[in-house]
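Model the full structure from these sequences, guided by the hints.
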Amino acid sequence: MQIDGALIAYLEDLSRLSLSDAEKTRLAGDLTAIVGYMAKLDELDTAGVPERSHPFDHTNAFRADVVGDSFDRALILRNAPDAGDEAFRVPKTVE
Amino acid sequence: MSWETVIGLEVHTELATKSKIFCACTTAFGGSPNTHVCPVCSGMPGTLPRLNRQVVEFAIRTGLALDCDITRYGKFDRKNYVYPDLPKAYQVSQLYAPICQNGHLDIDAGGVPKTIAIREIHMEEDAGKLIHDPLTGSTLVDYNRCGVPLLEIVSQPDFRSAAEVLAYLEKLRETLLFLEVSDCKMQEGSLRADVNLSVRRTGETALGTRTEMKNLNSFRAIGRAIAYEAARQIDVLEEGGVITQETRRWDDDKGVSYSMRSKENAQDYRYFPEPDLLPLRVDDDWVERERAALPELAHQKRARYIADYGLSEKDAATLTGHKRVSDLFEALADKTAAPREAANLVTGELMRLLNRTGTLPEDLSADSGTLARLITLVLDGKINRNAYKEAVEAVFTEDADPDEYISAHGLLMLSDDGAVAEAVAAVVADNPKSVADYRAGKQQALGFLMGQAMRRLGGKGNPAAVSQALKERLN
Ligand SMILES: [Zn+2]
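In order, the protein sequences belong to chains A and B. Take 1 as the starting number for the first sequence in the working numbering and just add one per residue. Take 1 as the starting number for the second sequence in the working numbering and just add one per residue.
If you're looking for bench data, these hints aren't it; they were derived computationally from the structure. Think of the CB as a built atom: it goes at the ideal place given N, C-alpha and C, for glycine as much as any other residue. Heads up, a few of these hints could be off.
Over 10 Å on every C-beta distance to chain A, these chain B residues come out as not near it, computed from the model [claimed, not checked]:
(1) 34
(2) 50
(3) 114
(4) 140
(5) 205
(6) 214
(7) 221
(8) 297
(9) 308
(10) 312
(11) 330
(12) 352
(13) 360
(14) 405
Keeping only pairs whose Cα atoms sit at most 30 Å apart, straight-line, the calculated DSS-like set for lysine-lysine is [what the hints assert, rightly or not]:
(15) A/24 with B/79
(16) B/88 with B/129
(17) A/92 with B/88
Right under this line is the structure:
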């Protein structure tokens, strides 16, 4: 798979990221290596192996519908790059 | 040349679970921003979701009520999009194996029966809320709603008018309410609809290019948005233009829809299976357990009320307008063994009081034991109809105790105590001419004497008892 400038620009757009030229060049190299590594799997003979969506055989890992404590708001907000007293803060979104 | 409007609906309903779909935070509406939030539902790295079993049960029940096939081996998928209302930058949803498929809902649009096919129902998580901060010009994010479980109910493009859409939404809302899987409060966003709409020349079979209007949150807005969008598309096509497939936002204040920025329209969600959740297996036993747990639905109740209680279609419809209302009616019918009287009370006086006080049916909290007591009193002739009405209102508005209220206001009718006999004796003694007239065969003289006796009793006499005492005295 070819990771070219056009694809990087498209992914940048989908991800709402703004990358410098140097970052774009580095990312193209990284993604080419990652996708190439995954492409190795295509060499495996999977004829007769049923398609599945998960590597484990377990199913139905549930929790009961019971309310527990939420997190302390100040602690949660501390994880964000920007926040007010009560809410996360992000750049203005279109409306 | 005439045009046909073709509409499909995606209805989102928030499920009435206590906790969120993948964490133990409460689903309670409102709350100070970000107080119903934990590392899982705020998308902190390294956390893992755990599926709330009740969500699956509600989904299966909804699917069974809508005659769907229940998917036996299901899973969740990630729908990727980057927007600040979604802290993980993906929504956990179901694309490849939704929990319910191939259902239908029968509707009645202005007397015309129609079956609307339901393509699928899938489970997913709700997003947070964005609040514009005018002080800083930035956007504030509240994740209290993030992770509240949703069902998305997707119809086939089977609607041809706003009336059909509204009939479907009413029936669907009623079904979800009676299943008790959602409170369906549109004003709180727990029932919202996306409308996919296209037009084509009458007689054509291929679908036109459609637009999507998102998150319409009142029946009125939905009706208006459909009328506007159909007219807009027809105008464009009649002027030789083409319809662009796009998402449009409906502005209910201005009564217009407009195209959202093309960037928001870039729909490339790059779905893939959610690796953090194990597959879901639903066996026959589970499906049968949920089927057995299905409550009687509104349309079934209507049929039963008409057949068993001899109620009119109109009254049966009023009684099943909301689960709270039918619950109250059934409790009253059960406690008084007088279903017709109970129906009259609920469809008459109680509906009038709900309207007058602006109370929503979902907030109806009148106690069935108290109201049943009043029905018994009026049927036993202990209070008259006016007193009954007055006491019902006191119970409704002040939560009054019926017996205390009746005795405090002297509403109990006099029937077998000495007061009736005394009043009758006095009236007979005071009105010799009327007595003579009656004995001479003038029936209307009895009416006059009756009125005099009732007046003497201050209107509190039991008419049957007074009439009987009077006749005994005269004959
Ligand atoms: Zn949480």
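Hints, one by one, checked against the model:
1. 34: With a cut-off of 10 Å, residue 34 of chain B comes too close to chain A, as the shortest Cβ separation is near 5 Å.
2. 50: violated (4 Å)
3. 114: holds (36 Å)
4. 140: Not fine: 4 Å to the nearest Cβ puts residue 140 of chain B too close to chain A.
5. 205: holds (35 Å)
6. 214: With a cut-off of 10 Å, residue 214 of chain B remains clear of chain A, as the shortest Cβ separation is near 13 Å.
7. 221: holds (17 Å)
8. 297: holds (23 Å)
9. 308: Non-interface label stands for residue 308 of chain B: nearest chain A Cβ at 35 Å, farther than 10 Å.
10. 312: Check passes; 40 Å lies beyond 10 Å.
11. 330: Label holds. Min Cβ-Cβ 27 Å, cutoff 10 Å.
12. 352: Check passes; 38 Å lies beyond 10 Å.
13. 360: holds (25 Å)
14. 405: Check passes; 39 Å lies beyond 10 Å.
15. A/24 with B/79: The hint holds at about 25 Å.
16. B/88 with B/129: holds (14 Å)
17. A/92 with B/88: OK: residue 92 of chain A and residue 88 of chain B at ~19 Å, within 30 Å.
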